[in-house]
Amino acid sequence: MAAFVLGGASLLLAGCDPAPRQQEKAAPAARRASGSFTILHTNDIHGRHQPFAVAPGNATAQTGDPGRPPSSFELAGTVGGFAHLATAIARARAQRGAANVLLVDGGDTFGDDLLGNLTRGEAVIRLMNALGYQFMALGNHDFEYTSARTQELQQLAHFPMRGANVTDKATGQPFLGDPTTVITAGGVRVGLLALAYHNTHLTGNPTNTQDLAFGSGLEAARRCLPALRSRADVVVVVSHQGTRVDEQAGPRGAWHRPHRRRALPRPHHAPAPHWLNVDSAGAVRRGRARPPRCGCRRAGLRKWRGGPTLWATEYPADPAVARLVDSLRAPHRARLEEVIATATGRIGRHYKSASPFDQLAGELLREATGAEPGLPARRGLRRIIEPGPITREMLYTLLPHPPRW
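Last residue of the sequence shown: 405 in full-length UniProt numbering, with the numbers rising by one and none dropped.
Everything labelled a hint here was simulated from the structure, so no lab data went into it.
No experiment lies behind these values; they were computed from the predicted model shown.
Yeah, the Cβ is synthetic: ideal placement off N, Cα and C, and Gly gets one too.
A few of these clues could be false.
Ranges of calculated distance between the beta carbons of each label pair, as one might list FRET restraints [to be verified]:
id	residue 1	residue 2	range
1	ALA98	THR369	51 to 57 Å
2	THR369	ALA94	53 to 59 Å
3	GLY204	ILE340	23 to 29 Å
Each computed DMTMM-like pair below joins lysine to aspartate or glutamate, with the alpha-carbon atoms no more than 20 Å apart [said to hold, decoys possible]:
id	residue 1	residue 2
4	LYS169	ASP211
5	LYS169	GLU152
6	LYS169	GLU219
Using the sequences and the accompanying hints, generate a full structural model.
Laid out in structure tokens, this is it:
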């Protein structure tokens, strides 16, 4: 279930001041910097561009893993949607100053929603452009329209989409270009580094990425960070690799780690002196991290907030973005909103267990093909359906990762 979390994937804030004395002389601005900045981050949107209904007892995101408590919504209502996310972002920029706010995404962004798949990711990119995203790490599901289409989407995007551990087999160069950038925010030079999922080629159709090589994100980070840290006061690593890999990272800082979809109630201080920060999937919440003022000898987060849930009643839709959503849906509206069934009862969201819908879908596949299908329970239902008409769009998002065409 994708929603809107302005909060986290994997953010790594690495040292405010370069360690070597000679490097301090080469970059005196690092000593003089005294500002602070705010990072807004989303992850695992999976193409979800519209608000959707939620209620207590239904999973917010990944839940049910051993050792993890269940995570569900505390109230019944409507959450998410790019138009409501736009309002949350605008408020943060107004409160902090637009020049002091960074907006990044941790990947798994384009597809799984019917409109996203019908436009092969274009609808989501246009919405991200409208909200002013500045950087994105590529997730494993961002290659499912082929790597060539990912390149086309980069041409549409007003922000870099990168992965330091993704290389073009023909050239040996990073896919789509330099996986780092430096943006000044709050008077601080913020270095951004993107890491993709190292097993991307094993999680989808291998022909979609046959021209690419996916390597270790840790090795890529250790290769890229020294040069980036020489250009920046603070380094933020936007990583789609997952918690266990990010915890092994050596550089000081805070990682924004997508791919895992359950929000952490607070930053996780890994064994190495850096912070791990993650938020729930599908842009349901807005996350925020505020690094400390520079001049400190060790980097760390001054303040971290998982971000409020984007309830539609608390974050009214931004009119301009709502019109953009409507215009993107217009050419496909008949197909999106075609009523194809009726729900006589509530179909709740499941993540780690086989729901009645999972079982029905498996039975239909078995009857149609004669095979014995196995639906992975760990992906479960990705949305909730209330009693009443079921549109093609609603049914489409019940399945974990619908087929592409």
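Right, here's what the structure says about each hint:
Taking the beta carbon of each, ALA98 and THR369 are about 54 Å apart, inside 51 to 57 Å as hinted. Checking the proposed 53 to 59 Å range against THR369 and ALA94 shows it holds: the Cβ atoms sit about 54 Å from each other. The given range of 23 to 29 Å is respected by GLY204 and ILE340, whose C-beta atoms sit roughly 27 Å from each other. Between LYS169 and ASP211, the direct Cα distance comes to roughly 6 Å. Compliance with the 20 Å bound is thereby established for this hinted pair.
Pair hint LYS169 plus GLU152 holds up; C-alpha atoms about 18 Å apart against a cutoff of 20 Å. Taken as a hint, the LYS169 and GLU219 pair is honoured in the structure, with Cα atoms around 17 Å apart against an allowance of 20 Å.
In summary, this structure violates none of the numbered hints.
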